[in-house]
Amino acid sequence: MLDRIADPRGRRTPYGPPDAVERLAAALPGRMRDALPPVIRLGSPWPVRVDVFLEDGVTEDEVERWVPAASAAGSHGDAVDLAVRGGRVVGVRGRAGDRVNHGRLDPREWPAWRPRPGRLTRPLVREGGRLVESTWDAAMDRVVTRSRRLLAAPGGWGRIAFHTGPRLFLEEHYTLAVIGKAGIGTPHMDGDTRGCAAAAAAALAASFGTDGQPGSYTDVDHCDALALWGHDCAACHPVLWERMLDRRLGPGPPAMIVADPDRTPAAREADVHLAVRRGTNVALLNGLLHELLANGWHDAAYVAAHTVGVERLWRTVEAYPAKRAAEICGVPVARIEQAAEILGAAERLVSTVGPAFLGSNQATAAACQVDNLHLLLGMLGRPGAGLFQLGGPGCDALETGSAGDLPGLRNWADPGHVRELAGLWNVDPAVIPHWGPSTHATQILGYAEEGSVGLLWITASDPVSATPGLEQVLAREDLFVVVQDPYLTETARLADVVLPAAAWGEKTGTVTGADRTVHLCEKAVEPPGEARADLAVLLDYARRMDLRDRDGLPLVGWTDAESAFEAWKACSGGRPCDHTGITYDRLRTGGVQWPCTPAGSYGAERLYAGGRFATEPERCQAFGADLATGAEYGEERYRADDPRGRAFLHAADYEPSPEVADDEHPLVLLVCRAQRRSPAPPHLEVHPGDAAAYGVEEGDLVRAESPRGALEAVARLSGVRPGAVVLRLDGRSEAVARAAAELTLTSWDPVSRQPLRTAAAVRLVRVAPRQGEPAGALTPVEGVCSATAPLGHGVAVRERYEEV
Amino acid sequence: MTVHLADYLELLLRTEHELSGGFHALWRGHPREPDLCGVCERLAAQCRAHAERLEPFQRRYRGPQQMEHRMEPWAPDPAILDATRTELQRAGPEGVGLVTAVRLRLTPARAAGGKGGNGGDGGLVLLRELHRLYLLATECELSWSVVALVARGLKDDDLLDLAGRCTPETAVQLLWLRTRMRRAAPQALVVASW
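Going down the list, the protein sequences come from chains A and B. The UniProt record's numbering puts the first residue of the first sequence at 1, with every later residue one more than the last. The UniProt record's numbering puts the first residue of the second sequence at 1, with every later residue one more than the last.
Bound conformation, chain B alone:
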């Protein structure tokens, strides 16, 4: 069995789950952004469906002897969501990211001024989270395009079909994230920061 491919599919599967959790967290974390709710719910479900449909292929290529390595099924556990959210707010590998730094810089008066919990910095937090999700979604898109290539090589029409369905959906997710970031960026970065 092609263990490397199975590992690769598992990676994609986990990224899709992570992205799904990220969309969930985005919507939960910004209850005052009414447009997020419906779309995020939808995109989260979409990512979860991608992962679920990928799982049989991952099992098939893992083969029976490696079945014990199969990952745990993903469930929308609140603790995981919180973890994803914390993860989202960390800006990069250096640990203390931009958002944390901004939060630390907040004067008490400014912090108290905001009603939504984040005050005028809510826009920046949102922007960073969208940014993170964009990177995750890019990873998925890239992986799907690789999976499509591999499926051709393996003459696995089912996998090719799945990749053919998931790639455009991931592309729309990227477009949506970009649209939403473009909408939020000027106010968050230019106006609210003065």
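Extracted from the complex, chain A is given alone in its bound form:
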């Protein structure tokens, strides 16, 4: 058994790339690969290493059953087996034969599964201002009565809103999508995906026609160059990072480029670290694209045959020679040139785009430039040429339509797509809200605040702990809040009705990982008390609301996870995310990638083989938008570009943002959520060198001023990076949290409508000398601050703060 404390990365398994025959085999479509011998067919030379985390005092022999499940720790999509003993989950083991993780586990895996105290076991309703225990009938009655009352008035559909978190299964997301979009007809459906995955999805759809990660994890086996764009892979996707490290340690290692403002573990490993100034990602990429085009290192034939807009792209990047890009980004020219040379010489390039790109200035535009890089080099759709836009968990919400888009990556502006859905659900097309993309999460809360949304149903998410000031909104008397969660979260405490939900391992459903691999997560143990699976709750709501189709039959005709999955398959058929070839039985033998049709037992390992993209006007997910403003172009203009299955090269000029430090605001403010209820007041951690430069001493009251505002806190000198000040927040300091949120709400990504709370350029002013003695010594936070940039990015990130 692996010692849980020891670093699992200590046991490395170096390996080299597969040979040419295997690479050829990997390029075959799934159907033809069935005929090959298994050793070539399964084709990944990455050695298996099975990690096991078990509860203290439990050995593997004592485990009664191993139940297949999928990773709960992040968006990587690892296959795991849950150890069950005495009706409890007592541990977790990586599944050896799975295509994603080859037995490895994310170090955060066991903390994510370990049963925590404080589970909700009975529904709660608000009586006289307090939450009291109740029955399912009484609680659901309240929800249904309120829903019916709101729906009775004209425009009632606009009074009900749903917010979801990443801890729902695909079946639950789809059921919610049908209830919301075909039953109630509300455009107000969004969730935590808006805070992380929205920019990634928007960029993929803008460049390639629809959302969906083009690459496969096996591309890491084949590649000869790795580029990590703002992706602290070691912290965000540890298993993928191990795969990369194992390649780097084996024979024929790939070159590695990392673009990240912080010196992350990935940056230390890289051959070229482009330590860009925060918020200058677009300038860096424009510089690299300039170098590639100017030197003729791009694949001209691929560009001519499979892309649209190379002239427009050149007109923009022409103004970014390496020298200018270097000046904007604060990186040596030679390093940009060196990176461009590596990219230009690569035969098989894998790129991953992470939070420091997708949560930073010009998020969608920057992500699109990485898409452009792969398009210019023809690095898509073949073994070793992979691209990942890793915004965070939430693929299922985006595909199934429980968040911003229509189910099946359909286009709300295409009447044909809306008719298709209306036919599938047998409802009037007018019910389906399709006058625009659905309302984004921030706007939903805005409507709740102004009183035009009367019921907000929050499932598997705790937005209060991540969004300062939300308490006041949810506490409004005319807003009815339903929270469905396994735990009494801070959000649940403010609810009018709390519905106890089953956690993972207590319910069955499927989850999709970042390389489109669908895994089945089976029920291992019973939920405690009266807690129910989220799917059961949603089905119960649909039944009680008596939602019906045009023929008077129940709108939601399924009864359990498997039948919900079958319903989703029908919805996905013919779309780029086709699931029709996947069955629960097939999933029990291992993960399957979408798209997967019944013709083959494998899904397509890589999208866009042969340079065919989903950009036909009848197929695409959106008709495009201006990257700078988010203005929607509309169908006419889209058709005028005549994409015919070619990808779009979207150009964007660099625009400075308040997160970029300059002479006037030389420091960068980062916000970290400290462990909640910590006794210390909020304080600013300052590097001793900076403190000396600005005349600040330990314990002084200092003010951090940005162009947007200011906040005051006590200064502590500690080992943070020079040039950065870190604000530690606890749960109590509402005023400071609000000030910090305003200070760091530096920008807004207009295309994905994602709020960007990253960092803010500030200057430090000493307000008053120290009062009283400083509290105990602080632990240095080197390395931590790099991972804690986003405030308000949902549950996954918050869990990381708690571990800190």
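Think of the hints as simulated: they come from the structure by calculation, not from any bench. Be a bit skeptical, because a hint or two may be false.
[Said to hold, decoys possible] Which stretches of chain B does chain A cover? Using the computed rule of at least three CB atoms under 8 Å from a CB of chain A, they are:
no.	segment
1	31 to 37
2	179 to 188
[What the hints assert, rightly or not] A few chain A residues that face chain B, going by a derived Cβ cut-off under 8 Å, partial list only:
no.	residue
3	Pro154
4	Ala628
5	Gly630
6	Ala631
7	Pro750
8	Arg753
Values in this document were obtained by computation on a predicted structure and should not be read as measured data. Beta carbons: idealized from backbone N, C-alpha and C, even for Gly.
For this one, chain A is given, so just place chain B on it according to the hints.
Chain B in isolation, oriented as in the chain A frame:
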């Protein structure tokens, strides 16, 4: 010198300034709409740049003898912004517009219910302001297309080049306003009004 053209350019110049002030006012007037800030700032700067680049042409066609008629340079004076905002909220030539009427109809309870100053009617105010800006931007777009024609007639390649740059930017402004209105309209007009 072509005085009529100079007058026409001055009109466009003033409209661009007005539009710029309007974008500023829109963002200042709706601090609770987080998406407005960045885009409005950007579009306001864009309009101001249009006007600034047009000014030399306006001077050139005005000629030296009429220089004293040159308009005052525009500055983002708060008083002007407020005036623009008031102007924006007036619905039409009849003086008391739709928004004012709605405000008057507000019962004290409803007015007190809103936190953002506008309560549930914030959406309607926003919609009217976007509407006004759309009309202003249309005026600019139309004028730029006329300026492009005239520049061809005058064989003024520089002016033609400027029109060629400003027209698509104004088109994007119109698209953005339309996108934003479409997003705000259903909730403001159907849901919030009951």
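Which numbered hints turn out to be false for this structure? Hints that this structure does not satisfy do not exist here, as all of them hold.
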